[in-house]
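**Q** Given chain R, put chain G in place with the hints provided.
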Amino acid sequence: MFAWKRKILRVDLSTGNSSVEDMGSDLIRDFIGGRGMGLRILYDEIDALGDPLGPDNKLIFATGPLTGTGAPAGGRFIVVSKSPLSGAIANSCCGGYFGANLKYAGYDLLIVEGKSPEPVYLSIINDAVEIKPAGHLWGKWTMKTEGMIRSEMGVDFDAWELNSMSILSIGPAGENLVRFACMMADAGRAAGRSGLGAVMGSKNLKAVVTLGTGEVAIADPEGFKKAVMDFLQEGRDNKELEKRRMWGTWSLPGRANKNGTQAALNFQAGFFEAFTKFEDPAFIRDRIWVRDEACFGCPFGCSKRSRISDPAYPGTLKGPEHETMALLGSNCGSGELDDLCRANYLCNELGMDTITTGATISCAMELFEKGYLPERDIGYPLNFGNTEAMFELIKKIGMRRDFGEVLSEGGKALAEMYGHPELFMGVKGMGMPAWHPQGAEVIGLQYATNNVGSSHTKATLPFYEGRRDPAHGVEWTKDDQDYLAVADSAVLCWIIYHGPLWREKLLVWLRTTTGIDYTEHDLSLIGERIWNLERLFNVKAGLSGKDDCLPKRMTDEPCVNNQVVHLDRMLPEYYRLRGWDEKGIPTFEKLQHLGLEKEGAGLK
Amino acid sequence: MRIKIDHTKCTGCKLCEVACSLYHTGSVNPWRSRIRVFIGEEFCLPVIAGPYTEAACNSKGVVFVDGKEFDGCVVCRASCPSKSVFKEPDTAIPLKCDFCGEPPDPQCVRWCASEALSLVEE
Numbered sequence: 001m002f003a004w005k006r007k008i009l010r011v012d013l014s015t016g017n018s019s020v021e022d023m024g025s026d027l028i029r030d031f032i033g034g035r036g037m038g039l040r041i042l043y044d045e046i047d048a049l050g051d052p053l054g055p056d057n058k059l060i061f062a063t064g065p066l067t068g069t070g071a072p073a074g075g076r077f078i079v080v081s082k083s084p085l086s087g088a089i090a091n092s093c094c095g096g097y098f099g100a101n102l103k104y105a106g107y108d109l110l111i112v113e114g115k116s117p118e119p120v121y122l123s124i125i126n127d128a129v130e131i132k133p134a135g136h137l138w139g140k141w142t143m144k145t146e147g148m149i150r151s152e153m154g155v156d157f158d159a160w161e162l163n164s165m166s167i168l169s170i171g172p173a174g175e176n177l178v179r180f181a182c183m184m185a186d187a188g189r190a191a192g193r194s195g196l197g198a199v200m201g202s203k204n205l206k207a208v209v210t211l212g213t214g215e216v217a218i219a220d221p222e223g224f225k226k227a228v229m230d231f232l233q234e235g236r237d238n239k240e241l242e243k244r245r246m247w248g249t250w251s252l253p254g255r256a257n258k259n260g261t262q263a264a265l266n267f268q269a270g271f272f273e274a275f276t277k278f279e280d281p282a283f284i285r286d287r288i289w290v291r292d293e294a295c296f297g298c299p300f301g302c303s304k305r306s307r308i309s310d311p312a313y314p315g316t317l318k319g320p321e322h323e324t325m326a327l328l329g330s331n332c333g334s335g336e337l338d339d340l341c342r343a344n345y346l347c348n349e350l351g352m353d354t355i356t357t358g359a360t361i362s363c364a365m366e367l368f369e370k371g372y373l374p375e376r377d378i379g380y381p382l383n384f385g386n387t388e389a390m391f392e393l394i395k396k397i398g399m400r401r402d403f404g405e406v407l408s409e410g411g412k413a414l415a416e417m418y419g420h421p422e423l424f425m426g427v428k429g430m431g432m433p434a435w436h437p438q439g440a441e442v443i444g445l446q447y448a449t450n451n452v453g454s455s456h457t458k459a460t461l462p463f464y465e466g467r468r469d470p471a472h473g474v475e476w477t478k479d480d481q482d483y484l485a486v487a488d489s490a491v492l493c494w495i496i497y498h499g500p501l502w503r504e505k506l507l508v509w510l511r512t513t514t515g516i517d518y519t520e521h522d523l524s525l526i527g528e529r530i531w532n533l534e535r536l537f538n539v540k541a542g543l544s545g546k547d548d549c550l551p552k553r554m555t556d557e558p559c560v561n562n563q564v565v566h567l568d569r570m571l572p573e574y575y576r577l578r579g580w581d582e583k584g585i586p587t588f589e590k591l592q593h594l595g596l597e598k599e600g601a602g603l604k
Numbered sequence: 001m002r003i004k005i006d007h008t009k010c011t012g013c014k015l016c017e018v019a020c021s022l023y024h025t026g027s028v029n030p031w032r033s034r035i036r037v038f039i040g041e042e043f044c045l046p047v048i049a050g051p052y053t054e055a056a057c058n059s060k061g062v063v064f065v066d067g068k069e070f071d072g073c074v075v076c077r078a079s080c081p082s083k084s085v086f087k088e089p090d091t092a093i094p095l096k097c098d099f100c101g102e103p104p105d106p107q108c109v110r111w112c113a114s115e116a117l118s119l120v121e122e
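In order, the protein sequences belong to chains R and G.
According to the numbering used here, the first sequence is numbered sequentially starting from 1.
According to the numbering used here, the second sequence is numbered sequentially starting from 1.
Same shape as in the complex, but just chain G:
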C-alpha cells in the first residue's frame, strides 16, 4: 500500500499536517508532522517523510516540477540533518511516516477533503 499524491488537487490547507501531528503526539503542531505541504504560487506539494539519512547530501540542487523551479530539499522525502522538516523541533529526532499503524489508516488521507491524498493498493 502507498499514499498517492495528486498535487494538482492540493489546496494548501495543511489539515494533513494537523491530522498527522494530532494522531502521533496528541496535540497540533505541523512541525511534528510526518507530512508537510509546500505552498507554491500555482500549485502545492505535499511531501511525506521517508527514511532518515545521516549522509550529507550530494545531490542538492534545483528540481523542476510542472515547469516550476524548486529547491531540491523541497521534493526530497528524506529526513536529514540539514533540513528543518521531518524531525522533532526540540530534539531533532527524525520522523518517518508509519501509515498510522497496522492495518494502515493514514489520518492525512482521511482529513484530506480535496482528495489530493489517497491510499492505494500496490
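In isolation and in its complexed conformation, chain R is listed as follows:
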C-alpha cells in the first residue's frame, strides 16, 4: 500500500497493553487520514457527553497519507480528542518531526486511551512500544523534559538517533489540567488550541517519544519528483511564499495593525500604537532572529527561532508567531518585543496555548479596568500593559496557584464568575485569535461556525488572493472549511497552502503519493463529510446553533472602522448552503448524501 502504512497503534494506559490494528479500507476511502480518520474513530469510540478529562476520553495522534512522504509542507500531524476547553470536538495540528517519525515507525495513527495509575511516558521506537515511569519528569518544564528523556535514552542510542527522535510532552499546565494546556513537540512546536495538554495530563501521560526507521512508499515516484521540482520553482517565483520564507508570520502584526484588524485591548480596538514599529518586519528579525526552522519536508521554513538577552530566559524559543504577538501582546496592551518573547517563552515552557492564555488574561484585564474584578482577588493591579503582572499570572496559571487557579478554567468561566460574560472574547469557550472580525466580517462567520471554537485555521482568511470579495464570503467559508478538513486529513500545512493554491496542490500530492486518482469532487465530498460528522459530534455533546455565536462586542459595538459583524444575516445563508436546518443541525437529506444517515438517525 502506498503512502499509508495501514496500521493503527493502540495503547491502553490503564492496563499497560498495546496492540496494532489494521486500518480498514472504508476508513481510508471515506476519511483519508489525519483529522478525518481521527474523528471517525473518536466518534465511534467515545461518549460525546463524557468528561473530556475522564479516563474514557481518548487521544488520537493522526498522520495522513502525505506525512513523511516529503510532499512539500506535508510533514504535520493532528491530535483529535474531546476538548476540555470547549466540550466540543478538538483537532489540534502540529508541525516538527513527530508525525514523520510516527509514520516511519510504522503507524498512521496512535490511539491513547485509559489512564495510567502513575505518571508515565510512552516510547515508540519502531515496533518496540514501551510505557516508562515518568515520576521524575512530573513538574518539569517542557524543554527540560525533552532534555531529560534524551539523556536517559542516550544509554541505548547514538547521537544521530537521539537527534532524529521526536519528543512530545506536556508541561506543568497539562499536568495541572489547565483547560488550555497544549502539547509541545520538537523544542517548540505546539498542538496548541483546545487544551489537549490537559487531556494528556488527565491520563498521567507526560510525554510520547517516537523514532521510526522504516519507509513510506510512493505510488508514482517520477511524477511526484517532477511535481515537487515544479512546486519548488513556483515557490521561488511566488512573492507571498517568498515573504513567508523570509519573515514567517512576522510580516503580519504590522500589516494587520495598519489595516485595523489587529486584536487590541481585549478586542476593544483593531489598532495598537506600539505595534506600528512592526510594519517593517525587519525590526523583529534584526533583533531576535536566530535561525529559520522548517517542519519536516517543508521548503519554506517559516518558523523562526529567536533569543532575547535576559538571563532569566536562557536559550532560545520558537516564535513569537503573529497569533502570540497579538494575543499576549496588543490584546493585553503589551508592545515591547522582548516582553512578547518572555510571555511566549513562559507559555512554551509551561505548555499552554499562547492564544487562549492571552485571551484569558486580556479578559481579566478588562474586567479589572472596568472595576468588576477587584485587585484583592488577584493580589496586584492588572491594567492593560502591566507585563510584570502578566508574567506572574502566566506562571500562576501553569501552576494553578492563587488567582491562576481561576484563570486556568479559561476566559469564559472567568467572565461568568465576575458577572460579565459579554467581556469574554471567544466562541464555544475558545478565545478568538489575532484577526479582529470587524476588520472583515466574514472572519466573524468563520469563528462562529468553526466546530472547534474560534480558531483561524479552518477557513481561508479573506486577505488572500481570490478570497477578498465579501459578496462570496459565506460560500467560500463553507467551501474552504470543507477543503481544509481534507488538507488537515492529508495532512498538509494550512499556513503555506492558504487560499486557492492548495486545492490544486493537494490533488497533485495525493494522486502521486497514493496512486489513487482523486478528483476535486471526491475531496470536497470527503471534506464536507468530515465537517458534518464533527458537527454531529458537537450536537451529541450538547452543542447546537446557539453556540454559533459571537461576543456581543463583535455584533453590536463597532470598534474597528465603524463596522459590526452582521452574523444574523450571514448565519442563515451559511446553514442553507450547508443543508442544515435553522438550528444548525444537519438535515437527514444532507447526511444521506454524505453517507452519514446512520449517525444522524438518533437526532430526530
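If you are wondering where the hints come from, they were derived from the structure by calculation, not from laboratory data.
Watch out, some of these pointers could steer you wrong.
[Said to hold, decoys possible] Heads up, simulated BS3-like pairs for lysine-lysine below, C-alpha to C-alpha not over 25 angstroms straight-line:
1) G:LYS96 with G:LYS83
2) R:LYS239 with G:LYS9
3) G:LYS4 with R:LYS226
4) G:LYS96 with R:LYS225
5) G:LYS87 with R:LYS225
6) R:LYS225 with G:LYS9
7) G:LYS87 with G:LYS4
8) G:LYS68 with R:LYS144
9) R:LYS225 with R:LYS239
**A** Relative to chain R, chain G alone:
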C-alpha cells in the same frame, strides 16, 4: 565537483534526505539516505556520507562548530560500524554518496530550497 554545504542556510527540513532515499531506493526513508541533517538549536548540520571505514575510530571526541559542542560522530562523514547513520537499517550495508550518477546530478541539491547545498566545480 563537490557538494558545498552552507550550514548557516539549512532550515532542517530534511527534504535532502527524502530526495536521496527516493532516488536510490524508490521510496522515502531518511535512514536509507546518503545525506543526513543534524538538527541543532541554533543551526543545522547537513552531513554527506563518505567512504566506509572498518577500523575502530580512535579520534572520537567533542568537536566545536561555531562555538557549539558536537559529538565527533556527528560531523564525521564516514560510514562505520559504530554509527547508526549511513548504512542500510536492515542489513547494515554501508552507504556512500555517489552524486546520483554520471554526470553528477545530486538530488539533494535540487530539492534544497534554502540553498544550503550547491554543486560546485572544483
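**Q** So if I understand the rule, the pair passes when the alpha-carbon distance is 25 angstroms or less; does LYS68 (chain G) with LYS144 (chain R) pass?
**A** holds (19 angstroms)
**Q** Hey, LYS87 (chain G) versus LYS225 (chain R), does the alpha-carbon distance stay inside 25 angstroms?
**A** Cα-Cα ~24 angstroms, so holds.
**Q** Has the given pair, LYS225 (chain R) with LYS239 (chain R), been kept, meaning a C-alpha gap of at most 25 angstroms?
**A** Given that 25 angstroms is the threshold and the Cα spacing comes to 23 angstroms, the pair holds.
**Q** Would the pair LYS4 (chain G) and LYS226 (chain R) pass a check requiring their Cα atoms to be no farther apart than 25 angstroms?
**A** holds (24 angstroms)
**Q** Given the hinted pair LYS96 (chain G) and LYS225 (chain R), is their Cα-Cα distance within 25 angstroms?
**A** Holds: LYS96 (chain G) and LYS225 (chain R) sit about 22 angstroms apart, inside 25 angstroms.
**Q** What's the verdict on LYS239 (chain R) and LYS9 (chain G), does the C-alpha distance respect the 25 angstroms limit or exceed it?
**A** Holds, at about 20 angstroms.
**Q** Taking 25 angstroms as the top limit, are the C-alpha atoms of LYS225 (chain R) and LYS9 (chain G) close enough?
**A** holds (23 angstroms)
**Q** LYS96 (chain G) and LYS83 (chain G): Cα distance at most 25 angstroms?
**A** Holds - the C-alpha atoms of LYS83 (chain G) and LYS96 (chain G) are around 14 angstroms apart, at most 25 angstroms.
**Q** Need the status of pair LYS87 (chain G), LYS4 (chain G): alpha-carbon distance at most 25 angstroms?
**A** Holds - the C-alpha atoms of LYS4 (chain G) and LYS87 (chain G) are around 22 angstroms apart, at most 25 angstroms.
Checked against the numbered hints given earlier, the structure satisfies every one of them.
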